[in-house]
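Novice: What follows is the residue order along each chain.
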Amino acid sequence: KAGVTQTPRYLIKTRGQQVTLSCSPISGHRSVSWYQQTPGQGLQFLFEYFSETQRNKGNFPGRFSGRQFSNSRSEMNVSTLELGDSALYLCASSLLGSTQETQYFGPGTRLLVL
Amino acid sequence: GENVEQHPSTLSVQEGDSAVIKCTYSDSASNYFPWYKQELGKRPQLIIDIRSNVGEKKDQRIAVTLNKTAKHFSLHITETQPEDSAVYFCAASPADKLIFGTGTRLQVFP
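Sequence lines, in order, name chains A and B.
According to our numbering, the first sequence is numbered sequentially starting from 1.
According to our numbering, the second sequence is numbered sequentially starting from 1.
I should point out that these hints are in silico values taken from the structure, not numbers from a laboratory.
Quantities reported herein were computed from a predicted structural model and do not represent experimental measurements.
The C-beta atom is built at its ideal place from N, Cα and C for all residues, glycine as well.
Result set (BS3-like, lysine-lysine): computed pairs, CA atoms no more than 25 Å apart in a straight line: (1) B:42 <-> A:13; (2) B:97 <-> B:57; (3) B:37 <-> B:58; (4) B:71 <-> B:37; (5) B:97 <-> A:57; (6) B:97 <-> B:71.
Pulled a few chain B residues facing chain A out of the computed Cβ check, cut under 10 Å: (7) 30; (8) 41; (9) 43; (10) 51; (11) 91; (12) 98; (13) 99; (14) 100; (15) 103.
Just chain A, same shape as in the assembly:
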């Protein structure tokens, strides 16, 4: 089985722009979670989607949004980018999104905001 994939792998944007990141889960997995990883902050939970519905959301401003398609692929969008949004954005998939299931991570998208 192919693993979780994310595109693009690297992005450079300037402040005020918006960005869309994509995540394709493992085939058959219906849950996709997104995390922001920054040095010293670890992995911070952004949101989780299951069957095209957002089930959970972390403590991030409304500039961060996402969606999930019928094939379980997910996108996240960040509008009005700020310097502090520079980070590695990881998505993870699991079969049903049960919190006792293993989450499989993608390679991440490294976003640099100038």
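Given chain A, work out where chain B should sit, using these hints.
Specialist: For chain B alone, kept in the frame of chain A given last:
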């Protein structure tokens, strides 16, 4: 709110020594505690996990212990090897999401 504290933030050991990383969590509803290893430039990968009905779990050189009363859990790596060098993240799962610790950078010197 939900919080997971992880210590130490960095850990250096000699090859063959043991390494211990400790985490505490705040939400007593947490019932699943995975540990992830992230090598430089790579994605986090699950190395071991423990559920709240178990106090200890071992997989070769890696073991995890859980104390639900004290709300803390630990990762133990014995006979460390240079390839164990990575950042290790603990996580706790209250009802609806995974909360990660801030990571421990483990360096194993040959």
